[in-house]
Amino acid sequence: MVLEFRAWRSAVPFAAMVMVECAEVGVSTLSKAAMSRGMSKFVFIVYYNALGTLLLLPYFIFRRNNRAPLSFKLICRFFLLGLIGSTGKILFFAGVNSSSTTLAAAMANLTPIFTFLLAIIFRMEKLDLRKPISHAKYLGAIVSVLGALIVTLYEGPALLKISSPSGLTHHQPRLSQQHHQPLLSQRSKWIFGGLLLAIQCLVSSTWNIAQAAVVKDYPEEMTIVFFYTLFLTCQCSVISLIVERNSNAWKLKPGIEMIAIVYAAIFVSVFRIGVHVWCLHKKGPVYVAMFKPLGIVIAAALGVLFLGDALYLGSVIGSFVIVLGFYTVIYAQIKEKRMALDNGAQILEPSTQTTPLLQSSSINQV
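Quick note on the UniProt record's numbering: the sequence shown kicks off at 1 and runs consecutively.
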C-alpha cells in the first residue's frame with residue numbers, strides 16, 4: 001500500500017508536466033490556426049492576457065492581507081518585466097505565424113541555453129574552462145545553437161505531410177489583412193520566422209534573468225505573475241491600438257479564435273504557472289526543464305494532423321541536435337551540483353546559480 005502511494009505520488013508530477021507541454025503546444029497550434037484565418041496576433045495577445053489577468057485577480061485580492069508590502073520600485077520592476085514579456089510574445093506569435101509550431105517548439109529549447117550564456121555574462125553562473133564540466137556546458141550551448149541554425153536554414157525533403165482534415169487552415173482573410181500581399185516566399189518566411197523565434201528566445205532569456213532578480217527580492221511568485229500579466233496586457237493594448245487601427249480586427253466571432261483566446265488564458269496564465277510552481281517546489285528546476293524537448297514531438301504531431309504542416313528532414317535533424325545540446329548542458333548542471341555536494345560545498349540559492357538556466361519555463365511566457 002505504501003509502495004503504491006509512493007508510485008502514485010511520483011506519477012502525478014510526471015503526468016502534470018506532460019499535460020503542461022501538451023497545453024503549451026496546444027496554444028501554439030490553436031493560435032496559428034486562428035491567425036491563419038485572419039486573426040491579428042496583436043489582438044490575440046491582448047485578449048488572452050486580459051482574460052488571464054481577470055482569472056488571476058481573485059488570487060491577488062484574497063492574498064492581499066498575507067502579501068509582502070509593495071513599493072514603487074517593485075512596481076517599476078514589474079512594469080519592466082511586462083515590457084520584456086510583451087516584446088517576447090509579439091516575436092513568438094509572429095514567428096509561429098511565419099513558420100510552424102514544430103520550429104517554435106524546437107527553438108524554445110534555446111531559451112535555457114541563452115539564459116545560461118546571459119547568466120555567465122552577468123556573473124550569475126560560473127564557467128571555469130579549466131574544468132571538464134565547464135567544457136560540457138560550453139559544448140552543449142554551441143551544439144544547441146548549431147541545431148537552431150540547421151532547423152532554420154536547412155529544409156530537406158518532406159518526410160510526412162497530411163492534408164489538414166479539420167479545415168483549420170482554410171480561411172477568408174479579414175478586411176484588415178486583404179491589402180497585405182505576401183512579400184516573402186515560403187522559404188524566406190520560414191527563415192524569417194526562425195529568426196524571430198531565435199530573438200524571442202533571447203528576449204525570454206533576458207526575462208528569466210530579470211525575473212530571477214525580482215523573485216530574489218520579492219519571493220511572491222504569483223503576485224509577480226499577476227502584475228506581469230496586467231502590465232503586459234496594458235502595454236500590448238497600446239501597441240495593438242497603434243498597429244491595428246481597423247476596428248474589424250478587434251471583433252471576435254465564435255469559433256477557433258474564441259477557443260484559442262480562452263484556451264490560452266486558462267492553460268497559459270493559470271494552469272501552466274500553477275503546475276510549474278508546484279513541480280519546482282516538489283521536484284526542483286531540473287525536473288521541470290527535462291520535459292521541454294517533449295514539446296517538439298507533440299508540436300510535430302499536432303502540426304501535421306491539424307494544421308497540414310509538413311515534417312521536413314531538416315526539422316528532425318536540427319531538433320535532435322538542439323535536444324542533444326540541451327541535455328548536455330542539463331547533465332553538466334546536475335554533475336556540477338553533485339560534485340559540489342560531494343565536496344561539501346555550499347549550494348547557492350536557486351535564483352543565483354542553476355535556476356537562471358533551468359527555470360526558463362517556470363513562470364515564463366509562451
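Be a bit skeptical, because a hint or two may be false.
[To be verified] Cross-link-like lysine to any residue pairs, in silico, SDA-like; alpha carbons within 20 Å at most: (1) 283 with 72; (2) 335 with 72; (3) 216 with 37; (4) 73 with 262; (5) 131 with 262; (6) 335 with 37; (7) 216 with 72; (8) 283 with 38; (9) 283 with 335; (10) 216 with 262; (11) 283 with 221; (12) 253 with 37; (13) 283 with 13; (14) 131 with 146; (15) 282 with 75; (16) 282 with 18; (17) 131 with 270; (18) 337 with 262; (19) 282 with 191; (20) 189 with 282.
Hints listed in this document are in silico derivations from the structure and should not be mistaken for laboratory results.
A quick note: this is a predicted structure, and the numbers were derived from the prediction, not measured.
Structure-based check of each hint:
Proximity of residue 283 to residue 72 is assessed by CA-CA distance (about 34 Å); at most 20 Å being required, the pair is judged violated. Taking the CA atoms of residue 335 and residue 72, the gap is about 41 Å. The hint is violated against a cut of 20 Å. Distance restraint check for residue 216 and residue 37: the Cα-Cα separation of roughly 43 Å exceeds the 20 Å cut-off, and the hinted pair is therefore not satisfied. The straight-line distance between the Cα atoms of residue 73 and residue 262 is roughly 33 Å, outside the 20 Å bound, and the hint therefore fails.
Taken as a hint, the residue 131 and residue 262 pair is broken in the structure, with Cα atoms around 49 Å apart against an allowance of 20 Å. Between residue 335 and residue 37, the direct Cα distance comes to roughly 48 Å. Violation of the 20 Å bound is thereby established for this hinted pair. Distance check on the hinted pair: residue 216 and residue 72 sit about 17 Å apart at the alpha-carbon level, within 20 Å; holds. A distance of roughly 41 Å separates the Cα atoms of residue 283 and residue 38; the hinted pair therefore is violated under the 20 Å criterion.
Among the hinted pairs, residue 283 with residue 335 is consistent with the structure: their alpha-carbon atoms are about 17 Å apart, no more than 20 Å. A hinted pair counts as satisfied when its Cα atoms are at most 20 Å apart, and residue 216 with residue 262 does not qualify at roughly 32 Å. With a CA separation close to 17 Å, the supplied pair residue 283 and residue 221 stays within the 20 Å bound. Distance hint between residue 253 and residue 37 is fulfilled; the C-alpha atoms sit about 11 Å from each other, no more than 20 Å.
At roughly 8 Å between alpha-carbon atoms, residue 283 and residue 13 fall within 20 Å of each other, so this suggested pair holds. With a C-alpha separation of about 23 Å, the suggested pair residue 131 and residue 146 falls outside the 20 Å cut-off, and the hint is violated. The hinted pair formed by residue 282 and residue 75 fails the criterion: a straight-line CA distance of about 29 Å is larger than 20 Å. For the proposed pair residue 282 and residue 18, the alpha carbon gap of about 16 Å is at most 20 Å, so the pair holds.
About 41 Å separates the Cα atoms of residue 131 and residue 270, which puts this hinted pair outside 20 Å; it is violated. Distance check on the hinted pair: residue 337 and residue 262 sit about 40 Å apart at the alpha-carbon level, beyond 20 Å; violated. Restraint check for residue 282 and residue 191: the C-alpha separation of about 39 Å exceeds 20 Å, so the hint is violated. Of the pairs offered as hints, the one joining residue 189 and residue 282 is violated, with about 42 Å between alpha carbons and a cut-off of 20 Å exceeded.
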